[in-house]
Amino acid sequence: MYAFEYQRAKSVADAAAALAKSGGKALAGGQSLVGAMKLRLANPGTVVDLGGIAELKGIKKEGDAIVIGAMTTHAEVAASAAVKQAIPALAAMAEGIGDRQVRNRGTLGGALANNDPAADYPAAVLGLGATVHTNKRKIAADEFFKGMYETALAADEIITAVSFPIPKKAAYMKFPQPASRFALVGVLVAQTAGGVRVAVTGAASHVHRATAIEAALAKSFSADAAKAVKIPSDHLNSDLHGSAAYRAHLVSVMAARAVAAAG
Amino acid sequence: MGANDLSSIGKPVRRREDYRFLTGSGQYTDDVNPAHHTHAYFLRSPHAHAKIRNIDTAKAKAAPGVVAIYVGEDLTGVNGLPCGWLITGTDGQPMKEPPHWVLAKGKVCYVGDGVAMVVAETPEQAKDAAELINVDYEVLPAVVNPADALKSGAPQIHEGAPGNKCYLWALGDKAATDAAFAKAAHVTKLDIVNNRLIPNALEPRAAVATFSRADDGYTLYVTSQNPHVERLLMTAFVLGLPETKVRVIAPDVGGGFGSKIYLYPEETAMVWASKHVNRPIKWTAERSESFLSDAHGRDHVTHAELALDKDGKFLGMRVHTTAAMGAYLSTFASCVPTILYATLLAGQYTTPAIYCEVTAVFTNTAPVDAYRGAGRPEATYVVERLVHAAAVEMGIAQDEIRRRNFIRNFPYQTPVALLYDTGGYDACLDEAMKIADVKGFPARKAEAAKRGKLRGIGYSSYIEACGIAPSNIAGALGARAGLYEAGEVRVNPTGGVTVFTGSHSHGQGHETTFAQVVSSRLGIPIENVEIVHGDTGRVPFGMGTYGSRSLSVGGTAIVKAIDKIIAKGKKIAAHLLEAAEADIEFKDGKFTVAGTDRSKAFAEIALTAYVPHNYPLDKLEPGLDETAFYDPTNFTFPAGTHICEVEVDPDTGVVQIVNFSACDDFGNIINPMIVEGQVHGGLAQGIGQALLERCVYDPDSGQLLTGSYMDYAMPRADDLPSFKVATKVTPCTHNPLGAKGCGEAGAIGSPPALMNAVHDALAVVGVKYLDMPATPHRVWQAIQTATR
Chain A
1 MYAFEYQRAK
11 SVADAAAALA
21 KSGGKALAGG
31 QSLVGAMKLR
41 LANPGTVVDL
51 GGIAELKGIK
61 KEGDAIVIGA
71 MTTHAEVAAS
81 AAVKQAIPAL
91 AAMAEGIGDR
101 QVRNRGTLGG
111 ALANNDPAAD
121 YPAAVLGLGA
131 TVHTNKRKIA
141 ADEFFKGMYE
151 TALAADEIIT
161 AVSFPIPKKA
171 AYMKFPQPAS
181 RFALVGVLVA
191 QTAGGVRVAV
201 TGAASHVHRA
211 TAIEAALAKS
221 FSADAAKAVK
231 IPSDHLNSDL
241 HGSAAYRAHL
251 VSVMAARAVA
261 AAG
Chain B
1 MGANDLSSIG
11 KPVRRREDYR
21 FLTGSGQYTD
31 DVNPAHHTHA
41 YFLRSPHAHA
51 KIRNIDTAKA
61 KAAPGVVAIY
71 VGEDLTGVNG
81 LPCGWLITGT
91 DGQPMKEPPH
101 WVLAKGKVCY
111 VGDGVAMVVA
121 ETPEQAKDAA
131 ELINVDYEVL
141 PAVVNPADAL
151 KSGAPQIHEG
161 APGNKCYLWA
171 LGDKAATDAA
181 FAKAAHVTKL
191 DIVNNRLIPN
201 ALEPRAAVAT
211 FSRADDGYTL
221 YVTSQNPHVE
231 RLLMTAFVLG
241 LPETKVRVIA
251 PDVGGGFGSK
261 IYLYPEETAM
271 VWASKHVNRP
281 IKWTAERSES
291 FLSDAHGRDH
301 VTHAELALDK
311 DGKFLGMRVH
321 TTAAMGAYLS
331 TFASCVPTIL
341 YATLLAGQYT
351 TPAIYCEVTA
361 VFTNTAPVDA
371 YRGAGRPEAT
381 YVVERLVHAA
391 AVEMGIAQDE
401 IRRRNFIRNF
411 PYQTPVALLY
421 DTGGYDACLD
431 EAMKIADVKG
441 FPARKAEAAK
451 RGKLRGIGYS
461 SYIEACGIAP
471 SNIAGALGAR
481 AGLYEAGEVR
491 VNPTGGVTVF
501 TGSHSHGQGH
511 ETTFAQVVSS
521 RLGIPIENVE
531 IVHGDTGRVP
541 FGMGTYGSRS
551 LSVGGTAIVK
561 AIDKIIAKGK
571 KIAAHLLEAA
581 EADIEFKDGK
591 FTVAGTDRSK
601 AFAEIALTAY
611 VPHNYPLDKL
621 EPGLDETAFY
631 DPTNFTFPAG
641 THICEVEVDP
651 DTGVVQIVNF
661 SACDDFGNII
671 NPMIVEGQVH
681 GGLAQGIGQA
691 LLERCVYDPD
701 SGQLLTGSYM
711 DYAMPRADDL
721 PSFKVATKVT
731 PCTHNPLGAK
741 GCGEAGAIGS
751 PPALMNAVHD
761 ALAVVGVKYL
771 DMPATPHRVW
781 QAIQTATR
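Sequence order for the protein chains is A and B.
Here the numbering used here is used: the first residue of the first sequence is 1, the next is one more, and so on.
Here the numbering used here is used: the first residue of the second sequence is 1, the next is one more, and so on.
Honestly, the hints are just simulated from the structure, not real lab data.
Every residue, glycine too, gets a C-beta built ideally from N, C-alpha and C.
It is possible that part of the hints are untrue.
With a straight-line Cα cutoff of 25 angstroms, these simulated DSS-like cross-link-like pairs (lysine-lysine) come out [said to hold, decoys possible]: (1) A:K38 with B:K59; (2) B:K165 with B:K183; (3) B:K105 with B:K275; (4) A:K227 with B:K450; (5) B:K453 with A:K227.
A few chain B residues that face chain A, going by a derived Cβ cut-off under 7 angstroms, partial list only [unchecked claim]: (6) D651; (7) Y712; (8) S722; (9) W780; (10) I783.
Covered by chain B, per the in silico footprint, the following chain A stretches (three or more residues, Cβ under 8 angstroms) [what the hints assert, rightly or not]: (11) 172-181; (12) 229-242; (13) 247-259.
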């Protein structure tokens, strides 16, 4: 690590001001940031710790949505009775992130702000049509994810909570990259109030909606319908762990399995 | 455990080491913190192949906390790191040995090659200063694959090795083999890649080097599997220091698997520099540094052929292998794809004619050397894949083709130098088939097919040569060292026994197993036995632990020292009991006059030896402390059969291991729990190779693409089934323990068992051939290609 200034924010406003003043980075669970700092790939002069801000934690049901505070850990989401009851796919997805140590520290807000191309939460947020609440505004899922590690957030903008509309049914199927166990391809399928949504992570530069599969499922919400969709492989990632063609194939397969699991 | 507990042999005695390992009170090299120590950081080449035009350390030397900075040119009078095994080529010429400088001089040859050592007050300051070192590189084209390195036009890595060739070596009778192929009814041919692996011991490499001006002596704590070898190589061949002035201590070491055998640049540079800075220097590798700089394993490309008669009897085998050495020759690198490989190509079979050629080649990658199995996994993979393919091609059942070719008469002289002392291959095959429930497989396969899944079953009847080695044979084959082992048994006046062994325990549990041997042979409680290892200041010269040699060679040295103790004890007892020495028997911890009940306990004899009042001082020295050096008369030959059952999901390519059964013959077993643990560990590593692990360098830039666990897939508990393991015993005929060794067998037998199972599963969709690792992507691609 390089030397850095550590500040522990007392409130969201405090944190935003500290970030604006210092040009530093917000620290949520540290599961991406601290690792990068240890490798000396990240060198934030100042780190503003959000861990002491009580208003950023908590899970509640508000009408027909589950609202989760940005600093809620994956373990808390996975164990939450409210989430398991209303959106079991979300709890199951959180349970599959990383390992126990990662789940005890990693947060919803951190995962979304980082927007790793293979992270799970972006698929949940985009697939369920969630809304990202920040200290400045509300951002619809379709507007939030811009590119690899890139979101719509401004430099001093802090995610405060995410509101997940409760779907009729949903499931997340993740095909793990054998080494990292991040999603080589992860697909969340949901029947929402606004129709079928299919969000894919791991396959491309960032999470995106598989519109061809959404159209097929709108006609027939069945595993076979999803499996029959041929996803083009251009614009998909190709690396040591899988070619673009393999990822394209897995998108349909995982989508079909998610449909079957959604019930 | 009571006194005279002879029965601990064969018992699963709980490991003594575990208390300190599980409660965090192990003493590892990183736990050593001498007063006023400094920290070293190694600046490593970011390029796979480059000339060093200039290194400017001025700014770095002025950085806060910096004590000194050294580059290759500073190490005057320091030789290159040696290779311990001279391989002579088919042309009668010695292998090419380009210099392996401790810090690079003039050029760098792999990403990770050490360019400078920064010594500073803290590790962060050392790292910060390293970032200020300005190295002017002239980048050169790089070559990372062994086959590519031999092609004309490939970048030349070392002036002294034209065409990047280290040697071309051969073993066997070419004429007889060609004749066998000429009359074959069937020839099976395979092209095989043995995938390169990164060792990944749990504890990274570390060292602490201290020079003492008071006595001009050095103390080196280092993560080594063989501290005496480390000391000999470093002092005599590299630094030109008196061996007597250097003490090397390998304290608790968290796993080695071969990667901690070698003399590495880091500790060598640190020992040298410790005198110049006159303060202790400490270094612990970071994990990414370990990925880059620990010796890697395997990395062979092979063409192999098996000739059979019309009944599936093996007539001949010929093999050509291209083996990567990496950028420089590591300590044992040259013997791994030759002596430890080609000599195992007979496998468990009576193949009468075998010919093997090996071309060893330099590549712009980390040095390659022995890794769990060292040459024997590569050989077993070739043999058992050929046997599987031949059986499929000729329509013979997998167990049947093996039975038609098993060696049954021992001792058996193979056509590839080794003389197998004993074995019982049928028994292991039968038992493995039973515990694998081979009979029930067709029904399981049909049931899986209903679910759209493909089941396959694969066999691997492996053999290995361990307990290395008879020194004269090794020397004739090019070894520059002996391969005996030392054991000193020091009986203390109060009857407790301290054993000093040249073997090193870094996971093997020797402190327990050796204590069991000593306790049972001397008839004393196991609590009264202390095993000491890992310190050149305390232990007689040993060659260390690798090659599954510790029990058979190290244990036998201890047994022979015990024999000397008992012989001397009989003389003392005879004197005390006023009997003839020939009438003294030693049994159950007592020296007894034969045919009487007159006896002396071991403890009494011990005390007498050190308080020699009633004692034949005119004929016998006091004391009871004996040393033995044991040079084995042959290798040992553990063998067995592994059977793996897999279920493949053709939609994703995922291979699930539904069952893994192993029946191994390790000769006599001292501690079955430790043996089972060794088997489990070996199976995990072998399955890791076959299913998950692959070290990849970018073919253009030479960058290590699999530089962390994000990309290098290590086996996890849920990748593995519950292993079903069993043992059969045919005791080794040439050591008093009848022990063959067990440390590597799991890693040797399992890769072909798994890959044969995958091939069996995929045969139905037309996949003929797939290399390791059988990752989901590679399996899926093979299916697509076959079904196109």
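Please list, smallest to largest, the hint numbers that this structure does not respect. Numbers 2, 8, 10 - these are the hints that the structure violates, sorted from lowest upward.
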